[in-house]
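Working from the sequences, and respecting the hints, build out all of it.
This is what each chain is made of:
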Amino acid sequence: MELLKQPWPWYVAGPLIGLIIPALLLLGNKTFGVSSTLRQVCAACIPANISFFEYDWKKDSWNLFFAAGIIIGGFIATYLLSNLGPVNINPHTTALLQQEGIKDFSGLLPQDVFSISQLFTLRGFVFIVVGGFLVGFGTRYAGGCTSGHAIMGLSSLQWPSLVATCCFMIGGIIMTWFILPYLLQL
Amino acid sequence: MVYFTLFITVMKNIKFLIIGMLFGIILVKSQVISWFRINEMFRLQGFHMYGVIGSAVIVGIISIQVLKRFQLKTIHGEEIVIPDKIFQWGNVYGGLIFGLGWAITGACPGPLYAQIGSGFLVTIVTLLSALAGTWTYGLIKNKLPH
Numbered sequence: 000m001e002l003l004k005q006p007w008p009w010y011v012a013g014p015l016i017g018l019i020i021p022a023l024l025l026l027g028n029k030t031f032g033v034s035s036t037l038r039q040v041c042a043a044c045i046p047a048n049i050s051f052f053e054y055d056w057k058k059d060s061w062n063l064f065f066a067a068g069i070i071i072g073g074f075i076a077t078y079l080l081s082n083l084g085p086v087n088i089n090p091h092t093t094a095l096l097q098q099e100g101i102k103d104f105s106g107l108l109p110q111d112v113f114s115i116s117q118l119f120t121l122r123g124f125v126f127i128v129v130g131g132f133l134v135g136f137g138t139r140y141a142g143g144c145t146s147g148h149a150i151m152g153l154s155s156l157q158w159p160s161l162v163a164t165c166c167f168m169i170g171g172i173i174m175t176w177f178i179l180p181y182l183l184q185l
Numbered sequence: 000m001v002y003f004t005l006f007i008t009v010m011k012n013i014k015f016l017i018i019g020m021l022f023g024i025i026l027v028k029s030q031v032i033s034w035f036r037i038n039e040m041f042r043l044q045g046f047h048m049y050g051v052i053g054s055a056v057i058v059g060i061i062s063i064q065v066l067k068r069f070q071l072k073t074i075h076g077e078e079i080v081i082p083d084k085i086f087q088w089g090n091v092y093g094g095l096i097f098g099l100g101w102a103i104t105g106a107c108p109g110p111l112y113a114q115i116g117s118g119f120l121v122t123i124v125t126l127l128s129a130l131a132g133t134w135t136y137g138l139i140k141n142k143l144p145h
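Respectively, the protein sequence lines represent chains S and X.
So the first sequence is residues 0 to 185, counted in numbering that gives the first Met the number 0.
So the second sequence is residues 0 to 145, counted in numbering that gives the first Met the number 0.
I should point out that these hints are in silico values taken from the structure, not numbers from a laboratory.
A few of these clues could be false.
Ranges between beta-carbon positions, derived for each pair [claimed, not checked]: (1) S:28 - X:85: 14 to 24 Å; (2) X:76 - S:158: 25 to 35 Å; (3) X:7 - S:90: 30 to 40 Å; (4) S:102 - X:64: 41 to 51 Å; (5) S:122 - X:70: 47 to 57 Å; (6) X:118 - S:8: 21 to 31 Å; (7) X:141 - S:90: 42 to 52 Å; (8) S:98 - X:135: 32 to 42 Å.
Which chain X residues face chain S? A few, computed with CB under 7 Å, are given here [unchecked claim]: (9) 30; (10) 59; (11) 76.
A short list of chain S residues far from chain X (calculated; beta carbon distances all over 10 Å) [what the hints assert, rightly or not]: (12) 0; (13) 1; (14) 55; (15) 56; (16) 98; (17) 100; (18) 102; (19) 120; (20) 121; (21) 184.
From the three backbone atoms N, C-alpha and C, an ideal C-beta is built for every residue, glycine too.
In structure tokens form, the structure reads like this:
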């Protein structure tokens with residue numbers, strides 16, 4: 000139990016995530032991918048006569064259960080299986096983030112950026128609302144996210160997924176190195 | 000009758016709920032849902048995230064090869080099919096846009112759900128905004144280069 004409560008190293012977490020791929024295939028020919036759930040919710044709740052959302056979403060309702068499972072899993076891991084504390088990141092990263100204006104390193108997210116009260120500041124709006132919009136727009140435009148392209152796509156040796164994964168990294172690096180320092184100053 | 004159909008749907012899909020739960024637990028326990036971890040990854044200052052994704056891919060490749068080699072069937076006896084992804088320039092444009100967003104929110108769609116479960120309620124707003132992004136993509140899809 001103590002072992003479960005420690006943060007898990009990459010060589011435990013990574014292979015377990017990899018095993019989700021055959022599990023989903025064996026349980027019903029489902030391909031691993033999370034961002035498609037966003038399209039599902041749009042199709043179910045606000046299709047608005049847009050052809051992209053006019054399909055039989057109920058046929059793929061498995062992934063809504065999958066998404067609900069992730070929320071429950073997050074709850075279980077945090078409230079039953081965790082010793083909460085700061086994330087043990089590279090001290091150089093911490094130092095750079097401090098220079099750029101992050102003060103709170105106590106949790107999984109910097110609470111001085113991501114909190115309900117911050118939502119109504121320009122900085123909070125950019126990090127929460129604009130950031131979320133880019134994630135939802137970009138993943139669908141790219142045809143998948145980290146799970147669908149980087150993990151499922153690469154595992155099934157599909158080169159378009161390799162292209163997409165490289166672009167995720169390029170976009171992320173450009174943001175982190177060149178734009179984020181300014182956004183944090185907002 | 001409606002309740003009966005609903006009941007059947009739930010029973011048929013409960014296994015995917017359980018797999019999702021395990022995925023959510025792994026994401027939190029390995030700190031993949033941490034904004035700090037994603038920032039460290041994009042600064043190329045930590046191996047953790049590369050280790051998680053890399054080892055997941057290696058296990059994924061081996062698993063798929065095993066499934067193919069032994070021609071394993073699904074639990075319903077169907078042949079296993081993995082649809083091919085067809086390249087389109089959207090992979091590039093969308094990929095770059097998602098990358099920008101990922102570095103801001105520190106979360107891709109899987110971790111967004113897990114963060115909500117972990118009690119970061121402000122992430123509900125991030126998720127709603129991601130839904131708005133997906134919806135907007137659907138709205139203007141035909142006008143975008145693919």
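Against the structure, the hints:
Between residue 28 (chain S) and residue 85 (chain X) the CB atoms are about 19 Å apart, so this pair conforms to the stated range of 14 to 24 Å. Our hint of 25 to 35 Å for residue 76 (chain X) and residue 158 (chain S) holds, since their Cβ atoms are close to 31 Å apart. Separated by about 54 Å at the C-beta atoms, residue 7 (chain X) and residue 90 (chain S) break the suggested range of 30 to 40 Å. At roughly 48 Å, the beta-carbon separation of residue 102 (chain S) and residue 64 (chain X) lies within the given 41 to 51 Å, and the hint holds.
Separated by about 54 Å at the C-beta atoms, residue 122 (chain S) and residue 70 (chain X) satisfy the suggested range of 47 to 57 Å. As the Cβ distance of residue 118 (chain X) to residue 8 (chain S) is approximately 24 Å, the hint placing it in 21 to 31 Å holds. Take residue 141 (chain X) and residue 90 (chain S): their Cβ atoms lie about 49 Å apart, and the range 42 to 52 Å holds. Judged by the Cβ atoms, the range 32 to 42 Å given for residue 98 (chain S) and residue 135 (chain X) holds: they are separated by roughly 35 Å.
With 7 Å as the threshold, the beta carbon of residue 30 (chain X) comes within range of chain S, its nearest partner Cβ sitting at about 5 Å, so the hint holds. Checking residue 59 (chain X) against chain S by beta carbon gives a least distance of about 3 Å; that is within 7 Å, so the hint holds. For residue 76 (chain X), the shortest C-beta to C-beta distance to chain S is roughly 11 Å, which exceeds 7 Å, and the interface hint is violated. The non-interface label for residue 0 (chain S) is consistent with chain X: the shortest C-beta to C-beta separation is roughly 13 Å, beyond 10 Å.
With a least beta-carbon separation of about 13 Å from chain X, residue 1 (chain S) lies farther than 10 Å from that chain, consistent with its non-interface assignment. In this structure residue 55 (chain S) is separated from chain X by more than 10 Å, as the shortest Cβ-Cβ distance comes to about 13 Å. Every CB of chain X lies more than 10 Å from the CB of residue 56 (chain S), the least distance being 12 Å, so the non-interface label holds. No beta-carbon of chain X comes within 10 Å of the beta-carbon of residue 98 (chain S); the shortest separation is about 12 Å.
Residue 100 (chain S), annotated as away from the interface, keeps every beta carbon of chain X farther than 10 Å; the closest lies near 13 Å. With a least CB separation of 13 Å from chain X, residue 102 (chain S) remains clear of the 10 Å interface cut-off, as annotated. Interface exclusion of residue 120 (chain S) from chain X stands, the closest Cβ pair being 12 Å apart, more than 10 Å. At the 10 Å boundary, the C-beta of residue 121 (chain S) stays outside the reach of chain X, the nearest C-beta of that chain being 13 Å off.
Against chain X, the non-interface label of residue 184 (chain S) holds: every CB pair exceeds 10 Å, the least being about 14 Å.
Violation of the numbered hints given earlier is confined to hints 3, 11; the remaining hints are satisfied by the structure.
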